[in-house]
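Assemble the whole structure, with the sequences as input and the hints as a guide.
Residue-level listing of the chains:
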Amino acid sequence: MIDFTLSDHDQSILDRVRDQALIARKYARHYDENEHEFPPDELPEAKDHPSVMKDLMQRGEGDCGLATLGMLISMGETWGDYSVRIRIPKGAGLGNAALSAAGTPEQKKRWAGLTLAMAITEPGCGSDPSQVQATAVLDEATDEWVINGEKIFVTTGCRAQGVVLWATLDKSAGRAGIKSFVIEKGTPGFVVAHKEKKLGIRSDDTAAFVFTDCRVPRTNLLGGKEEIPKAGSGGFKGVMKTFNLTRPGVAAFGLGMAEAALDFTRGQLAEAGVDLGYGSGTAGQPAVVDKFHRLEGTFEAARLTILRAAWLSDHGQPNNMEASVCKAKGGSAVREITQGCIEILGPLGISREHLLEKWFRDVRITDIYEGTGEIQRMIIARTLFDYTRADLS
Amino acid sequence: MIDFTLSDHDQSILDRVRDQALIARKYARHYDENEHEFPPDELPEAKDHPSVMKDLMQRGEGDCGLATLGMLISMGETWGDYSVRIRIPKGAGLGNAALSAAGTPEQKKRWAGLTLAMAITEPGCGSDPSQVQATAVLDEATDEWVINGEKIFVTTGCRAQGVVLWATLDKSAGRAGIKSFVIEKGTPGFVVAHKEKKLGIRSDDTAAFVFTDCRVPRTNLLGGKEEIPKAGSGGFKGVMKTFNLTRPGVAAFGLGMAEAALDFTRGQLAEAGVDLGYGSGTAGQPAVVDKFHRLEGTFEAARLTILRAAWLSDHGQPNNMEASVCKAKGGSAVREITQGCIEILGPLGISREHLLEKWFRDVRITDIYEGTGEIQRMIIARTLFDYTRADLS
Amino acid sequence: MISFQLTEEQEVVREAMHDFAEQVVRPGARDADEESKLSEELLAQVHELGLIATQLPEALGGGGEERSPVTLAVVLEELAWGDAALATAALAPAAFAFAIADAGSEEQKRDLLPLFCGESFHAAALALVEPGPLFDPTDLSTRAEAKGDTFVISGAKSLVPLGDRASHFLVVAGSGEDRNAFVVPRDASGLTISEPEKNLGLKALPTTTLKLESVEVPAAARLGGAGGSDVQRLVNVSRVALATTMTGVSRAALDFCVPYAKDRRAFDQAIAQKQGIAFPMAEMHIETESQRWLAWKAASELERGVDCTRSAHLARAYSAEKSMWIADQGVQTLGGHGFIREHPVEMWYRNARTLSVLEGTLAL
Amino acid sequence: MISFQLTEEQEVVREAMHDFAEQVVRPGARDADEESKLSEELLAQVHELGLIATQLPEALGGGGEERSPVTLAVVLEELAWGDAALATAALAPAAFAFAIADAGSEEQKRDLLPLFCGESFHAAALALVEPGPLFDPTDLSTRAEAKGDTFVISGAKSLVPLGDRASHFLVVAGSGEDRNAFVVPRDASGLTISEPEKNLGLKALPTTTLKLESVEVPAAARLGGAGGSDVQRLVNVSRVALATTMTGVSRAALDFCVPYAKDRRAFDQAIAQKQGIAFPMAEMHIETESQRWLAWKAASELERGVDCTRSAHLARAYSAEKSMWIADQGVQTLGGHGFIREHPVEMWYRNARTLSVLEGTLAL
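Chains as they are written, first to last, in my numbering: chain U, 322 to 714; chain E, 322 to 714; chain X, 12 to 375; chain R, 12 to 375.
Hints are not guaranteed to be accurate.
[Claimed, not checked] Here are the simulated DSBU-like cross-link-like pairs (lysine-lysine), alpha carbons at most 35 Å apart as the crow flies: (1) U/516 with U/368; (2) E/368 with X/273; (3) X/273 with E/518; (4) X/209 with E/518.
Rather than coming from a laboratory, the hints here were simulated on the basis of the structure.
Dropping the structure here:
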């Protein structure tokens with residue numbers, strides 16, 4: 322049955338997430354202005370606020386699926402701040418998703434508890450992972466992979482204990498030649514270059530990695546399959562599959578901040594005595610109200626596309642297209658919403674005394690990382706037309 | 322010196338154009354609802370309203386260039402109605418522009434006074450003229466061109482006395498093989514198939530032509546150059562050049578109707594007691610006023626890009642990019658404006674008791690014919706990037 | 012629990028309605044539009060589906076099914092996918108019938124509901140929209156003054172669906188909290204019904220203007236009786252129905268453009284292979300989905316019986332904007348062929364703009 | 012006669028200003044933004060161009076040139092192309108000086124204008140914007156009450172440029188027809204000037220909040236004297252200046268993206284060869300041009316001395332919307348590189364949004 326309500330159990334979890342988010346928000350400005358600092362693994366207030374993890378795992382009759390609830394929790398967290406958390410969850414890096422999706426049982430056991438970053442993008446290639454230049458060469462003598470290359474925009478790159486890295490075994494093989502490798506920090510030849518200076522999500526840990534003759538055991542190839550499938554036989558898809566939960570996830574990150582912007586704006590309008598009556602329709606409204614309603618509609622729409630994509634995965638249904646739909650929609654929605662809220666509030670909106678201007682900066686990454694809006698539209702169009710990469714790129 | 326004012330002489334011409342347009346407007350609905358009828362060559366009222374042609378040709382000190390004034394006149398005429406004129410000007414077909422741009426002196430003399438349509442589009446090719454399938458084969462024996470092919474969306478096709486037709490001498494030569502031919506009505510093998518049933522500009526004469534072994538004298542090849550330049554040597558550009566005045570022209574046609582929509586909406590808002598005060602800025606305004614201001618801004622912007630393109634040609638400066646800029650801008654502006662005016666006026670806007678709904682239909686062609694908005698953006702981008710057709714298509 | 016799962020019954024209905032829309036409704040759309048004439052035959056066929064009657068009380072001749080706004084939203088999207096004009100014509104009486112079923116007096120139910128359970132289609136309509144710009148359903152110029160044990164109604168209504176044939180109108184009057192709806196029979200003295208209005212789109216849907224000059228109705232004619240009418244609910248219900256109708260129009264445009272773009276070639280490729288065409292079509296898909304989820308969310312709130320004023324407004328406003336954009340993009344995708352009436356896209360372009368200015372015409 | 016022809020002098024100025032913007036202004040922009048600090052050295056260099064002084068009466072130390080808003084629009088676009096923060100800082104005093112020159116009393120001119128004709132840059136500012144949402148320049152909460160032969164001003168102003176150093180403020184108070192501007196010296200009793208505000212963009216431009224608690228100024232301090240001040244003109248002039256400033260930002264983004272898109276490769280092509288990138292960039296060009304023509308039209312009306320309230324508002328509002336879109340698109344074109352501060356595009360993204368909420372800061 323079509324339903325958009327939450328069980329009391331799930332609601333209570335989200336309420337607690339919001340409480341914790343409000344605490345994290347108190348530190349948001351500080352870490353925005355002190356880019357070099359990392360938020361602590363636990364804020365002082367953390368001890369009074371037990372993690373929701375345990376309750377999360379209890380899924381009863383009327384409760385949401387984990388993926389769906391996970392999206393709501395992500396929104397609730399970033400509603401407080403994108404990168405300040407009351408506590409940093411262990412093992413919640415993007416690389417961990419890849420590990421759990423593509424790793425062998427041994428590998429999952431071996432790296433359990435480690436926070437793993439995901440290193441894909443390189444200085445020369447952004448949206449086109451098939452352009453990966455990083456190489457992995459097998460040294461039969463020592464049974465080791467020798468990794469060379471450079472990676473940028475590595476999320477949680479500084480604090481992660483390891484990374485899942487994309488490297489090619491054979492450039493001539495194109496996408497098919499690309500494999501994922503797990504590399505732990507401290508491995509010789511693995512250097513964390515610097516933390517990027519960014520427009521937004523400044524306290525977020527975004528690193529650049531350099532690998533120079535970095536040697537890892539043969540068993541570090543994620544999934545263990547060394548052979549290169551014939552091009553187009555979907556070997557690359559295997560790698561790509563790890564995106565299906567992260568695309569809705571990053572869309573949710575962005576939307577949580579957009580919601581914060583809307584809530585702030587709603588409050589300011591209320592203080593200014595503006596009535597948001599929804600009964601009137603559009604013609605009778607003041608411009609700011611009409612504008613605000615449109616932003617709210619955009620927010621609700623984006624939110625629902627995210628829940629749709631997550632709900633499908635909760636039910637084991639393919640969600641590749643829906644994951645791109647919500648990523649594309651979220652990426653443009655958060656820009657429209659934060660830009661629009663500033664337009665509505667004017668001077669107030671651009672002041673660093675408030676967080677709106679920060680949300681405007683923070684959300685801008687949403688349409689860029691984990692596949693730009695253009696890439697998502699390409700994926701959607703290919704599905705619409707039943708096209709291959711060769712037909713449309 | 323930057324100037325956007327008009328001399329009294331030019332203003333008086335435009336005032337007379339508006340007077341005549343208002344008369345034409347009285348017949349607009351009739352010919353919209355009686356699609357099969359053609360407006361007469363002269364409306365009864367025509368005799369009381371001498372043509373502005375003569376005054377047009379007198380260009381004094383502070384007067385506009387002919388191309389620029391021509392755009393303003395086109396806007397003034399379609400402000401009354403797209404295809405109902407108080408009198409149909411002779412020799413004002415799109416083909417006449419081609420003739421005067423590319424014809425030999427003899428040819429210009431020979432077909433002077435004839436109204437010539439322009440036949441480019443074919444059922445199988447819209448935006449891509451290089452796909453032209455119509456063929457012209459020279460019969461050395463009789464010194465005649467033998468034309469075969471089909472053309473659609475031929476503006477003024479039914480009433481024109483002749484047509485400038487694009488046909489290829491050699492398909493393998495691609496664009497370079499395309500030449501323009503002048504064919505007079507009545508030539509055996511030249512059949513006017515039917516008048517298209519359209520969304521808008523219904524009283525406009527848009528025909529489909531069929532040519533079957535249609536023979537014309539060798540001297541009917543426009544410009545007279547029979548040899549096929551090597552591909553890419555700009556032979557096609559030669560043909561394309563004829564677009565440079567028509568693109569701003571069709572943009573002006575559309576914008577005249579958009580202006581009519583704005584004027585109608587302004588009047589209705591005034592009646593409803595809505596104040597359009599421009600001093601307040603946006604934040605303080607009712608939604609309909611803010612919306613209307615945005616539409617006005619879009620209108621002014623589109624209008625200025627048209628005048629810019631025409632002004633360049635008046636000064637003998639290349640305007641290929643600017644012609645595409647104003648065509649692209651005009652094509653989207655007229656949609657935004659007419660859609661927006663209906664949104665503002667609601668029930669009134671969709672009623673066939675008023676002309677707003679007709680303008681909404683009529684302007685929709687603007688972004689389609691004479692090169693779609695996509696084609697115009699391609700041309701603009703090529704210029705920006707200094708790209709050839711091979712680099713971007 | 013968040014769920015996008017239609018019930019099995021709803022899946023069945025959706026499929027059946029889609030086949031009906033494809034095989035019966037769509038083929039008749041163009042002629043009806045060209046002739047500005049509702050196909051009585053198609054209307055009768057839709058009536059046989061019993062979309063309204065099955066939801067009315069058994070005792071009064073209905074099917075006695077519990078009404079599901081979500082199911083009706085699914086139905087309406089499919090019907091509108093086929094032809095929005097026929098869909099709105101067929102469901103317009105629901106705005107009247109369901110209002111009586113939900114808030115009418117026993118007497119009103121007994122007298123009026125059986126009309127909709129008969130062999131043939133019965134027309135009645137909600138009369139909400141008023142002429143002139145700046146229409147605001149919370150502040151109507153039509154007024155109803157209590158006079159003894161009657162109400163005297165004066166004002167004007169426009170875009171009243173099926174006004175050419177409706178036996179009764181549910182006329183909304185008043186402003187703010189003091190808004191009420193009154194059952195006004197076609198033959199009420201002081202009520203003048205115009206010739207069918209000529210509209211940009213939905214041309215097959217006959218709409219009329221009503222002039223009410225001191226129309227006197229008994230106090231009992233007021234919906235909700237002494238308690239007064241919940242007018243906002245009527246507005247909300249209609250907004251959700253309109254949102255889902257527009258979703259159907261958007262999907263029709265997208266579904267038509269996909270094969271066209273794959274088939275049509277330019278510059279040695281299918282135009283679908285050009286990002287300049289493909290990306291906007293991806294956007295068309297994104298927004299069609301978005302429209303549907305917003306409409307479903309509002310419909311599910313209706314089903315739960317909670318106030319959905321906000322969701323209903325956001326869904327309608329969102330759909331109004333996006334359907335317009337999608338239909339416009341559909342025309343652009345076809346280029347010249349989008350401008351001629353050989354293809355349905357230009358009709359959807361007119362229908363989208365027309366639907367977006369409607370209020371208070373439908374229900375679910 | 013409609014003409015897009017800059018005078019030869021204007022062409023020369025444009026070229027000179029562009030070189031200056033490229034070689035002097037642009038290189039300093041990033042550091043100034045990172046440090047939220049105006050470069051006094053660059054400010055001095057702009058001052059040496061005499062953009063303000065040359066337009067002031069010779070008798071008072073100025074250049075005595077006849078002021079041309081169009082010329083200044085051309086100048087401002089180029090300066091803003093280099094760095095909008097420095098451009099607004101450099102021209103902010105013009106909003107004060109030109110107002111005095113145009114409408115000040117002989118006494119005001121004699122006392123105040125020489126300040127701007129000296130060796131070094133002199134700061135003064137127009138104080139129009141007020142804190143809080145829904146700012147409307149025709150309805151200010153700051154009030155000025157006549158009291159004997161003085162005016163008592165109370166209220167608050169925000170985003171006052173150069174508030175950290177301005178010797179005088181032209182404070183705007185009142186509503187509708189009863190709006191006036193008053194010259195208020197920095198040391199006026201009752202005037203408190205905040206620490207520099209921290210803003211999203213234009214970070215190098217110091218702006219402050221002014222609190223006015225019963226600030227008493229002589230009647231002679233009113234701009235326009237007994238006749239009262241033409242406040243709308245001050246608003247209009249600033250709107251045109253802001254429109255042309257934003258045009259410069261748009262052009263900066265486009266000019267930066269063109270070579271980047273040709274250089275950057277993906278899927279075996281330059282991204283510029285993808286319609287998905289190329290078409291939006293064509294749009295960036297279209298709208299940058301549109302912004303300029305709207306600004307020029309308004310500027311030419313100023314030059315002719317006709318009321319340009321409509322043109323000025325349309326130009327500013329249009330530029331506010333399009334510069335935001337273009338800067339946003341610029342970030343998108345660079346992808347991840349657009350999000351990091353190694354490239355200027357993210358700065359233009361912040362500047363565009365900031366400029367779009369400004370009013371009453373500049374003049375030409």
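(message) Given the hinted pair residue 209 of chain X and residue 518 of chain E, is their Cα-Cα distance within 35 Å?
(response) With Cα atoms ~19 Å apart, residue 209 of chain X and residue 518 of chain E stay inside 35 Å; holds.
(message) Can you confirm whether the C-alpha distance between residue 516 of chain U and residue 368 of chain U stays at or below 35 Å?
(response) Given pair residue 516 of chain U, residue 368 of chain U holds - Cα atoms ~29 Å apart, limit 35 Å.
(message) Check the hint pairing residue 368 of chain E with residue 273 of chain X against an upper bound of 35 Å on the C-alpha distance.
(response) violated (53 Å)
(request) Compare the distance between the alpha carbons of residue 273 of chain X and residue 518 of chain E with 35 Å, and conclude whether the hinted pair is satisfied. (result) Roughly 25 Å separates the two Cα atoms, so the pair holds.
Hint 2 alone, counting from the list given before, is not met by this structure.
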